[in-house]
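First to last, the protein sequences are chains A and B. Under our numbering, read the first sequence as residues 1 to 236, first letter to last. Under our numbering, read the second sequence as residues 1 to 208, first letter to last.
Check each hint, because a few of them may be wrong.
SDA-like, lysine to any residue: derived pairs with alpha carbons at most 25 Å apart [said to hold, decoys possible]: (1) B:Lys119 <-> B:Leu198; (2) A:Lys121 <-> B:Val89; (3) B:Lys79 <-> A:Arg76; (4) A:Lys121 <-> B:Lys119.
Simulated from the structure, these hints should not be mistaken for lab results.
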Amino acid sequence: MKKANLQFNFPLFLFLILFSLGSSSQAIAGGDSIGQKIRALKDENCLLEAELGLVSKGTSYIILDLRTESDSVPVRINLKNRGIVLREFDAERIRYRRTKGLVIEPIPLIKKMAFFPLKRKEIRPHKPEDGADTISQVDFLELKDIPSNYTLSFGKGLLISIAGQPKGLISRFIHLIRSTLIHIRYSLAIVWDHFWKNDFAIIEIIMGNEDAQALYWSLNEGMSIVIMGGHPYDTI
Amino acid sequence: MIKRIAFISFIGIIIILLTVELFAYYVSSDRPVVPSSIGASNLNELIKKNRTLRKGITGLSPKGFYIVIDTARNLIFLKEGNRTILKTVVSSGSGNILRDPSGKREWIFDTPRGEFEVKGKIAGPKWIKPDWAFIEEEEDIPKNWEDRVEEGVLGDYALAFGNGYFIHGTLYKRLLGRNVTHGCIRVGDEDLETIYKLSRLGTKIYIF
Chain A
1 MKKANLQFNF PLFLFLILFS LGSSSQAIAG GDSIGQKIRA LKDENCLLEA ELGLVSKGTS
61 YIILDLRTES DSVPVRINLK NRGIVLREFD AERIRYRRTK GLVIEPIPLI KKMAFFPLKR
121 KEIRPHKPED GADTISQVDF LELKDIPSNY TLSFGKGLLI SIAGQPKGLI SRFIHLIRST
181 LIHIRYSLAI VWDHFWKNDF AIIEIIMGNE DAQALYWSLN EGMSIVIMGG HPYDTI
Chain B
1 MIKRIAFISF IGIIIILLTV ELFAYYVSSD RPVVPSSIGA SNLNELIKKN RTLRKGITGL
61 SPKGFYIVID TARNLIFLKE GNRTILKTVV SSGSGNILRD PSGKREWIFD TPRGEFEVKG
121 KIAGPKWIKP DWAFIEEEED IPKNWEDRVE EGVLGDYALA FGNGYFIHGT LYKRLLGRNV
181 THGCIRVGDE DLETIYKLSR LGTKIYIF
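From just these sequences and the hints, can you work out the full model?
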């Protein structure tokens, strides 16, 4: 009985340790010094310059501001176009790790990667039958068909892993295993990239299932993201 | 014996993984980087610069009414600034594929995404059926233009936003809220009337 418990609890134990090590607090340091104000204004300046460039193109883009995370205020992923917010997605949990650090500038989305990628359905031509309700019987591609667990590969070595919030015991367990494996994979990648001196940044986001699916649906390859960091600088 | 080896191997793997994790944690930086081109360090200078940038962004934002379409949730919003004038359910592109039996052509029924504008306003629109509409129903493609015209299927109004795409009415009201169209946006009659009346040529449409 004891052995069974030990075997069952080890992955959980490992996950908890990895999770606690990997997590980072995103609180902004308080204080009103001129230095801090200048830092905040410089950050804002970078964001505004990046956004102005994107706004003038007229394409949709994403703003991810990690600084907004606290216990009460979730990190928001804002989908924007021409400076207006088209939709806000709330992240329930975020982990952020990197080898060097990200410049606050537009980074293009290169690829959306999912274990079960989206498959389009093919229409088979058919003659409509009189009085038959054929249209409601057709199998359409809808939000429920969209993956809720996927990875977004951006330029400059940025990976964003999105996971929908699991529902039910089995999916929670699968989610736990998946998160652990992803975490291990990213840790190995960080070590690898450190030795090969590659840039590597990973953001792991857990969000509501439907939000995760809607975000996948809304993102197009080539779309840019601008990420604001979550920690104060050491030096001005 | 086998159990012991398996247990020791398991512990060994965990120790290796924890070592990797600790090393990864150690080498991970948590500092964002400011591009070196940002040289200004004077507080007032930065405030002024940011104000100018913010004005630049606002200047490029849509003026007056604009339309936002969320194809994931099948919702349309008529907005003015940050104010939502109207929010209602629509049907958008199915994302399905149709292949011409000859194998020469293929259509993907996605609603286009990005920034568009109202290019035409039509009251009492008639549908000029494209080739795919005939192929989908296993019919011969007509040679006469008149044989393509179908009345009443697009509702009372239509707003054209380019490349043959429209925001229009529908006979299939029970399918509002689902991704069922060939790329156009279908709206219920009353809401369509409001959108039609408040939109002008050039009104911006944002689809995502």
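Right, here's what the structure says about each hint:
{"no.": "1", "hint": "B:Lys119 <-> B:Leu198", "in the structure": "14 Å, holds"}
{"no.": "2", "hint": "A:Lys121 <-> B:Val89", "in the structure": "23 Å, holds"}
{"no.": "3", "hint": "B:Lys79 <-> A:Arg76", "in the structure": "21 Å, holds"}
{"no.": "4", "hint": "A:Lys121 <-> B:Lys119", "in the structure": "31 Å, violated"}
Going down the numbered hints, you'll see the structure goes against just number 4.
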